[in-house]
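Fit chain B to the known structure of chain A by using the hints.
One line per chain: the protein sequences are A and B, in this order. Just so it is clear: in the first sequence, position 103 is 103 by our numbering, and no numbers are missing. Just so it is clear: in the second sequence, position 160 is 446 by our numbering, and no numbers are missing.
Worth flagging that the hints you see were computed from the coordinates, not collected in a lab. Take the hints with a grain of salt, since some may be wrong.
[To be verified] So, partial list: chain A residues that the calculated Cβ filter (under 8 Å) puts toward chain B:
(1) Arg26
(2) Glu33
(3) Arg37
(4) Leu113
(5) Val117
(6) Phe119
(7) Glu190
(8) Arg230
(9) Ala283
[Said to hold, decoys possible] Some chain B residues near chain A, calculated using beta-carbon distances under 8 Å:
(10) Lys357
(11) Gly361
(12) Ile364
(13) Ala378
(14) Leu380
(15) Glu389
(16) Leu398
(17) Ala401
(18) Leu402
(19) Gly573
We put the CB at the ideal spot given by N, CA and C, even for glycine.
Spelled out, the chains give:
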Amino acid sequence: MATKEFLAVPSAAGPARVPPSGAFARNRELLAELVRRDVRARYRGSALGVLWTLLNPILFMTVYTVVFSVLLGATYPGGVPAAAYILTGLLVWNFFSQAVSFATSSVLSNSGLVRKVAFPWVLLTVSAVTAALVNYLISLVLLVPIFIIFKLPLSLALVMLPVLVVIPYVLALGVGLLLAAGNVYFRDLEHLVQVGLLVWLYLTPIVYPPNLVAAHDHGLGGHIFSFFFRFNPMTWVVRAMEDVITRGLWPLHWHGLVYAGVAAVTLLGCGVVVFHRARRRFAEEV
Amino acid sequence: MPAAAIEVRSLRKRFRIYHQRNQTLKQTLVHRGRGMYEEFWAVRDVTFRVEPGSTLGIIGANGSGKSTLLKCVAGILIPDAGSVKVRGRLAALLEIGSGFHPEYSGRENIFLNGALLGLPRRYIRSVFDEIVAFSELDRFIDNPVKTYSSGQYMRLGFSIAVHLDPDVLLIDEVLAVGDQSFQQRCLDRIDQLKAQGRTIVFVSHGLGAVKDLCDTALWMDHGDALALGPTERVVGEYVAAVNAHEAVRLEQEMAARPVLPGGRAGVGITEIALVGRDGPTALFETGDPFELRIAYSAPGPLRGARFYVSVVREDGVVALSVPTDDSRLRDRVLPPRGTVRLSIPALPLLEGLFRLTIGIAEIGTGEWYTLLDRIAPFRVHTRDREERGVALLGQRWSLPEPVDSWLSA
Numbered sequence: 001m002a003t004k005e006f007l008a009v010p011s012a013a014g015p016a017r018v019p020p021s022g023a024f025a026r027n028r029e030l031l032a033e034l035v036r037r038d039v040r041a042r043y044r045g046s047a048l049g050v051l052w053t054l055l056n057p058i059l060f061m062t063v064y065t066v067v068f069s070v071l072l073g074a075t076y077p078g079g080v081p082a083a084a085y086i087l088t089g090l091l092v093w094n095f096f097s098q099a100v101s102f103a104t105s106s107v108l109s110n111s112g113l114v115r116k117v118a119f120p121w122v123l124l125t126v127s128a129v130t131a132a133l134v135n136y137l138i139s140l141v142l143l144v145p146i147f148i149i150f151k152l153p154l155s156l157a158l159v160m161l162p163v164l165v166v167i168p169y170v171l172a173l174g175v176g177l178l179l180a181a182g183n184v185y186f187r188d189l190e191h192l193v194q195v196g197l198l199v200w201l202y203l204t205p206i207v208y209p210p211n212l213v214a215a216h217d218h219g220l221g222g223h224i225f226s227f228f229f230r231f232n233p234m235t236w237v238v239r240a241m242e243d244v245i246t247r248g249l250w251p252l253h254w255h256g257l258v259y260a261g262v263a264a265v266t267l268l269g270c271g272v273v274v275f276h277r278a279r280r281r282f283a284e285e286v
Numbered sequence: 287m288p289a290a291a292i293e294v295r296s297l298r299k300r301f302r303i304y305h306q307r308n309q310t311l312k313q314t315l316v317h318r319g320r321g322m323y324e325e326f327w328a329v330r331d332v333t334f335r336v337e338p339g340s341t342l343g344i345i346g347a348n349g350s351g352k353s354t355l356l357k358c359v360a361g362i363l364i365p366d367a368g369s370v371k372v373r374g375r376l377a378a379l380l381e382i383g384s385g386f387h388p389e390y391s392g393r394e395n396i397f398l399n400g401a402l403l404g405l406p407r408r409y410i411r412s413v414f415d416e417i418v419a420f421s422e423l424d425r426f427i428d429n430p431v432k433t434y435s436s437g438q439y440m441r442l443g444f445s446i447a448v449h450l451d452p453d454v455l456l457i458d459e460v461l462a463v464g465d466q467s468f469q470q471r472c473l474d475r476i477d478q479l480k481a482q483g484r485t486i487v488f489v490s491h492g493l494g495a496v497k498d499l500c501d502t503a504l505w506m507d508h509g510d511a512l513a514l515g516p517t518e519r520v521v522g523e524y525v526a527a528v529n530a531h532e533a534v535r536l537e538q539e540m541a542a543r544p545v546l547p548g549g550r551a552g553v554g555i556t557e558i559a560l561v562g563r564d565g566p567t568a569l570f571e572t573g574d575p576f577e578l579r580i581a582y583s584a585p586g587p588l589r590g591a592r593f594y595v596s597v598v599r600e601d602g603v604v605a606l607s608v609p610t611d612d613s614r615l616r617d618r619v620l621p622p623r624g625t626v627r628l629s630i631p632a633l634p635l636l637e638g639l640f641r642l643t644i645g646i647a648e649i650g651t652g653e654w655y656t657l658l659d660r661i662a663p664f665r666v667h668t669r670d671r672e673e674r675g676v677a678l679l680g681q682r683w684s685l686p687e688p689v690d691s692w693l694s695a
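Just chain A, with the same shape it has in the complex:
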């Protein structure tokens, strides 16, 4: 009895009033709207608002400086003050870890939207990472007093900054897309990611100087740590950032930075493919 024939109904076509626009322009507007929402959602309901973005790294910098520099007596490359070195690394790391953890929950926490509205859901993850970027750019203001207090050199190498922002952005987006898609199917991922990020933090020379790893590169444990330390693209991003900001030098480890860039783009490719495939059942699974 199933009716298979097409049905034809007389039509009265009317003009649409909205000017047509390309998919790119539409998605850019939507992304802007989502980023605006994500950034504001973060600050709403907290009395200190934006101040937290600035206060948080200062508090952590203080703790790490006391532990690693004052108590453990670590010294940092080029004789850079511990506070300046640690804060610089922390700002990069905060951006990266925020971006990854926001991205992980980006699809699941917007289940209401995913279930009910058709739009490129990948923008939810892009928005989460971009909102973290906005926070990062705001938090970079903290470098101004650091430059003044510690009389850091201002050099032409600062033109590297955009590259050093883009690489962790792409990296976080790649990792974030993989985790966002995975999190829809395995809800535990969110918790694992928190632990993973803590491990990742200590695999990156943020609170300790990089030469500490070379100094301890003996024995099986040392070799393993050293391997992951070098394998970690964030190591090279942070080292380049430290060179440029705290020492006024061009990045000393070009090969590492290139490796980080290639790793970031590769992960982004994987992330896009996996997300695109996983997306088919998002509306049912979230």
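Frame of chain A, contents of chain B only:
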């Protein structure tokens, strides 16, 4: 043939029903893999086409695949087979305030929703005032939507969807909410969109709304498209099928509670039958002839017995409770077996599901010989009438004498 606004070909969508859903790491490790699930086809091989400017209504019971189909058209669910083509910008109103962010004000949500539909901010700004006026929320537009009542929520959602200039508008069961006047304005607005040549797909249980709004209707049943064509015909077929189904169900209910003789003193009811215009039935139309036949049996001649019948609506409202006439029966001796009839020439009951409570009592002591509580279900339909309530009351309106319009002007 001109390009269709919506073209769906051989669409199939399969869902997984999880018996054991492994969503946590521990479960995954313990049970290996993603858990046991069964698959079922929510939509099986559905093909249809909607021309620009026409309106399609999708009808069917709960779980028939209507909403799944709509979500596939909206692009939220991705079909397992077949194709969906939509020409022009699509707005879907799948749930009250879908896509609202509770912490956001109404104003911010209008912009967010517009962006989700792919509209430039500058365009949303140009229709913003219209949206607010239509929703009548001007005083609340800067409050977070989490403080809105469900009516306000839905007014805002609907206002946004219809003002954001969609070429194709998908609506799922939202008109049921909201007060009468807002519903009317929604319907007017939909008419206006139709007149502008917009295409509308409407999923509803409310057959009235489908009849009013839709040129064509699609009847879904357990994932299959059973009928597609002019609304009047498809809705008619659907109603007939639903009625036939219900008649079977009511008869089964009747059969499941067999009427047994042998109450007190061996007096009992042996059979109950409802008779309508065309013989025994469980479905009546308001105004139909109605007859209840009660067959009883007793060990010997039955003296001083009284029959009771109550008509009870599903919600417990007793529409009528009537005993046989005491004075006429007091000394009357009834045969040991016989049938008592209660007839109503034109059933005044209005739309509803009713059951009968039937008893036989002894005059004098007032004790029940037998009492059957809420048996004999029957459904009353009220079609082509505007009265609502329990029953017609023989009401009549009188209006003042008409005047010529120029006199009052």
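**Message:** Please check whether Arg37(A) passes as an interface residue: C-beta within 8 Å of a C-beta belonging to chain B.
**Reply:** 6 Å, holds
**Asked** For the hint on Val117(A), does the least C-beta distance to chain B fall short of 8 Å?
**Response** 4 Å, holds
**Request:** With chain A as the partner, please determine if Leu380(B) meets the hint condition of a C-beta pair closer than 8 Å.
**Result:** Result: holds, 5 Å to nearest chain A Cβ.
**Asked** Against chain A, is Gly573(B) within 8 Å by beta-carbon distance?
**Response** Cβ of Gly573(B) sits 32 Å from chain A, so the hint is violated.
**Request:** Return the status of the interface hint for Ala283(A): holds when the least beta-carbon distance to chain B is below 8 Å, violated otherwise.
**Result:** Holds, because the Cβ-Cβ distance from Ala283(A) to chain B comes to roughly 5 Å (cut-off 8 Å).
**Item:** chain A contact restraint for Leu398(B) - C-beta distance below 8 Å
**Value:** With a closest approach of 6 Å, the Leu398(B) hint holds.
**Request:** Using Cβ atoms only, decide whether Arg230(A) comes closer than 8 Å to chain B, and label the hint accordingly.
**Result:** Constraint on Arg230(A) not satisfied, violated at 29 Å.
**Hint status (Cβ of Gly361(B) to nearest Cβ of chain A, threshold 8 Å)** = 4 Å, holds
**Message:** Does Phe119(A) hold up as a contact with chain B if the rule is Cβ-Cβ below 8 Å?
**Reply:** This interface hint holds because 5 Å falls under the 8 Å limit.
**Message:** Given a cut of 8 Å on the nearest C-beta pair, is the interface hint for Arg26(A) held or broken against chain B?
**Reply:** 4 Å, holds
**Message:** Hint Glu389(B) vs chain A: min CB-CB distance below 8 Å?
**Reply:** 6 Å, holds
**Item:** Supplied contact hint for Glu33(A), tested at 8 Å Cβ to chain B
**Value:** 4 Å, holds
In this structure, the earlier hints numbered 7, 8 and 19 are contradicted, and the remaining ones agree with it.
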